[in-house]
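Hey, can you piece these two chains together into the complex? The hints should help.
Note that the protein sequences, when read in sequence, are chains A and B.
Using this note's numbering, read the first sequence as starting at 33 and increasing by one per residue.
Using this note's numbering, read the second sequence as starting at 6 and increasing by one per residue.
Simulated from the structure, these hints should not be mistaken for laboratory data.
Note that this is a predicted model, so its numbers are computed, not measured.
The beta carbon of each residue, even a glycine, is placed where N, CA and C say it ideally should be.
Treat the hints with care, as some may be off.
What the hints assert, rightly or not - Pairwise CB distance ranges (calculated): (1) I249(A) to P201(B): 45 to 51 Å; (2) T34(A) to I140(B): 19 to 25 Å; (3) R166(A) to L31(B): 28 to 34 Å; (4) T47(B) to G173(A): 22 to 28 Å.
Listed below are the residues making up each chain.
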Amino acid sequence: MTIAIEVADLQKTFSGKRTVRALDGVSFAVESGTVFGLLGPNGSGKTTAVRVLTTILQADGGRASVLGHDVRKEAALVRSLIGLAGQYAAVDENLTGRENLRMVGNLNHLERSFVAARAQELLDQFNLADAADRPLKTYSGGMRRRLDLAAALVARPTVLFLDEPTTGLDPQSRNDLWEVIEGLVGDGTTVLLTTQYLEEADRLASTLAVIDKGRVIAEGTPTSMKASLGATVLEVGLHSIDDARRTGAILDALGPHQALVSGTLVEVTVDDGPRAAMAGLRNLDAESITPATFNLREPSLDDVFLSLTGHRTEDTTPGNDAEDGAKRSRRRRKRIEEVEDALPIATGELA
Amino acid sequence: MTTATIDAPAQPSTPSGGLGSRLHWLASDTVTLTRRNLLAVTRIPEALFFSTVQPIMFVLLFRYVFGGAINTGTDYVNYLMPGIFVQTVAFGAVSTSIGLAEDLQKGLIERFRALPMSRGAVLLGRTTADLIRNIFTIIIMTVVGILVGFRPTTGVLAYLAAVGLILLFAYALSWGFAVIGLTAPNSETAQVMSFPLLFPLTFVSSAFVPVASMPSWLQGFATYQPVSVTVSACRSLMIGAQAANTGHPTSYWVVQTLAWTAVLLIALIPLAIHRYRTRT
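Chain B with its partners taken away, still in its complex shape (with noise of 0.2 Å):
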């Protein structure tokens, strides 16, 4: 038997080449799909809107409604503001779960995994998709906050490397929840798996309330969990060690920030992949 000898179609290159030429289409491919999930948010921009609702309800909830009630030694609005900007970046992180999920349930992947694209330039695109959302969405915060009366103490640079680790931060978690959003059966229960580890992340922290008022045997979670160091290192940026009041120099969060990002990313980064190769 033979076999049907082809006329190449117009390709300008085939799959099998070296190293280099495998990293310049991965990066080809994730700037592709990142641009599509992009152009999604943007073709809902109902989501887009409500989705930053949230976070700002929140602000006008703790800075007029709780806030009074909480003493942190310093201006509350203050002392709350990085706790926003974490805490929003967490809850965020869930649509790479919920976009990932409704990928795979819709067939867009199964249309991927038919093409001659990078394998990892799915998680890629949509973990930097959403990293490049979160841009926005703490800018938007920003604004919000200072029309609030926060009022950052420390400069633009130490503002900056704030938002730096903020986005790094959030980075990671994204590639956690990509790992929920490829286990999930559906997007509806990739949303439902997420919250469950969301909240004692967000609200066992520091990111409200000063961990002190807590039960002791509540305080070392509380204290030295990922979102809560995250806080504790931004807040020692955003407005002063001494304001921020940890008992520890900005340094000694920014490092265990740092540190815990890179466990994640270690982490997770493999796991992810491993449920996208194995996920049928």
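Extracted from the complex, chain A is given alone in its bound form (with noise of 0.2 Å):
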């Protein structure tokens, strides 16, 4: 096989008024023309580990290489081969789309002939056609993502890094934007992908790597992590903890996998989730139990993360890459957004 992206040992600590390990001994390999996802919570070091790789940013230990190059003697080489899209790396609000690519364009150092042509056929490729000559302060989230894939593009790379491309936008552009990436591994392009939605991950990587605190803690296909993880998870609320107890345990006896209570909430994976739901329900009417709220969902990242580390994302996050703080407020906002765009997902269903 063909090796992309390598990455051995990688180590970065940020020392500002609190001192974080942002990587702490990162090592995975990406094979060429694949996907590969890095899944993490906030403040986990993938988009730390991103920037090392499109020579951003400087490890303090380690190596990382794009296609046999590595990232700080060949910093030059390295950045004329890849493109960067996602959370940071930003599109100019007061250009249009178009001069947006032929920016790009320009500072890649391509023809000027090459440049109109090809910004036109990205816009064309990306829906973007019609607001091609519009101030980017008038296009929506969803197409502002596609724009920013779209400059990373435009020189033809070999290799293209997204930092979480879909973070904060609603379900459909999420939708859309899945699909364009896609397109591009038809191409052959090898892609990096950063994300904290198993989801996202499941439906692009072809590989993934969870990482936590710095680490790599497990990889494999999407499908072997869920199949460790069960396909859907139960949730029950109930009216009182002590009904959450017993409920608790009429749940685990579902199994294969156990359940978790907090509260008055319980919570268990299970395989075929509309028969484990019809089972539930029918032994806890046995038992007089009546829930208040019954939900079956996806498995998330966080579910991931409690069966592989036993703690909850929300844990992790002590320093957020170490970032400056109107990222993390901006990251913070973000999250709250997607928690509200679950919600209606969540609930409904099994009334």
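Below you can see the structure in the form of structure tokens.
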């Protein structure tokens, strides 16, 4: 197999007001022409790893190479081979879509005539042709992300880095963007994707690494990871703590995974959602327990974490990548939006 | 383990060329980013409009409200306008710091760093765009000055020489404000950090009142600090050394202005580049 991206024992410590070990010996390899997903919560080191690989930041130790070129010693060459899009690599609000693409093309030192044609091609491809000559201020969040991705593709990079490409987007825009990214892989581009969404990693990536506190804690295909986790999460809210405790015991019996009781909420991962839901309700009814809420949902990153590390993702964000406060609050806002997005999906169904 | 071999994309040049090609790309990237910065100015016409409103208010305030009480030994509007020009470009230099702080904040510089472009072009493009904006500002302020009675007496060439000095001085200031923009955590702070510097420089100066009217302990600073020196040079060039009444010939101030500008550029350019490199 041919390796497009190789990272070995990467170390990076930010020393500011608080010393944060953003990368604590990260290692992974990405096969050429595949999508590799780096899955982890905020502050796990995903963005730092991408910044090192895209030559923006220098690591303190370890090695990183792209297409066989060291990102530190051959930084200039690496920059001409890669594209970067994502949460922090922005586009210019005051310019139009076309002007943004042309600017990036010119800064890539491409022929002017090529840049003009390529910009038009990308605008058509990403369904932005109608908005091409409008300033970005008038774009929706989804359009902006598509343009951001287009900007990363102007120079036809061989390796593409997507840093949380859909964070903060509504489900429809997220879906549109996923389709675009899937199209790229068909062209043979190698993609490194970071994400907080298990669903996104599952849909796009052929190989996954779960990263926590600057270390890779699990690696494999999305299928193997989900198999170890269970396909669906059954979530039951009760009226009293006592009911919750009894429900925990009842749902435990569904197997093979253990139920988790926290307060009046009981969660259990199951392999066959509908069947487990029916069995669970029957058994609860037999014990005369009436749930306050009853939901079936896809396992989230949180569930992956819980099963891999025994702690929830919220516990793992001491330094938030040691980024500055503005970025941090922006991230937090995005996280809140994303929770709000998830709400209507989580409730409903089994009323 | 083998490494992927790749088909080279449509790249006319790799960035690893000699000095000649590096300078070529530095110039080309600077043009690209200067154009981008100027386009942004035209996209927010309100900002451009309000950036000229403030200096016009200063002209009206000093010309018609305070001016009558200030004795300069010459027609006050002629004394005032060279000071207004320098004050306007000095205040305008804040936009260098705001622009860079915004680019950092929004993540544009993050994208630039991952592109195979010249490293120096971000700072050069920003300061060059601000230089061009200053040319526009000075044209507007000249028209405003003439409307309120400003009458330069020394001819077109001397006037243009004065404008050239103002632009040069403003360019040096831009690099100072670039350092602030690269240091501040966000654009609002960059703006707030700029004013404690600007106020003493523009008001404890010979821009609006004769230095002789200030307490003696303040006169040394007020006469020889860079804004004052530039104002004195421009006033001497625009209305003649006699009317400017500084007690020195025009060349005295012109040489000092050039010296200050050189000192500022030599000190500030490496500092700004260092801040740009180390800011993560």
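Against the earlier hints, flag every one the structure doesn't satisfy and list their numbers going up.
Hint check: 2 fails alone, others pass.
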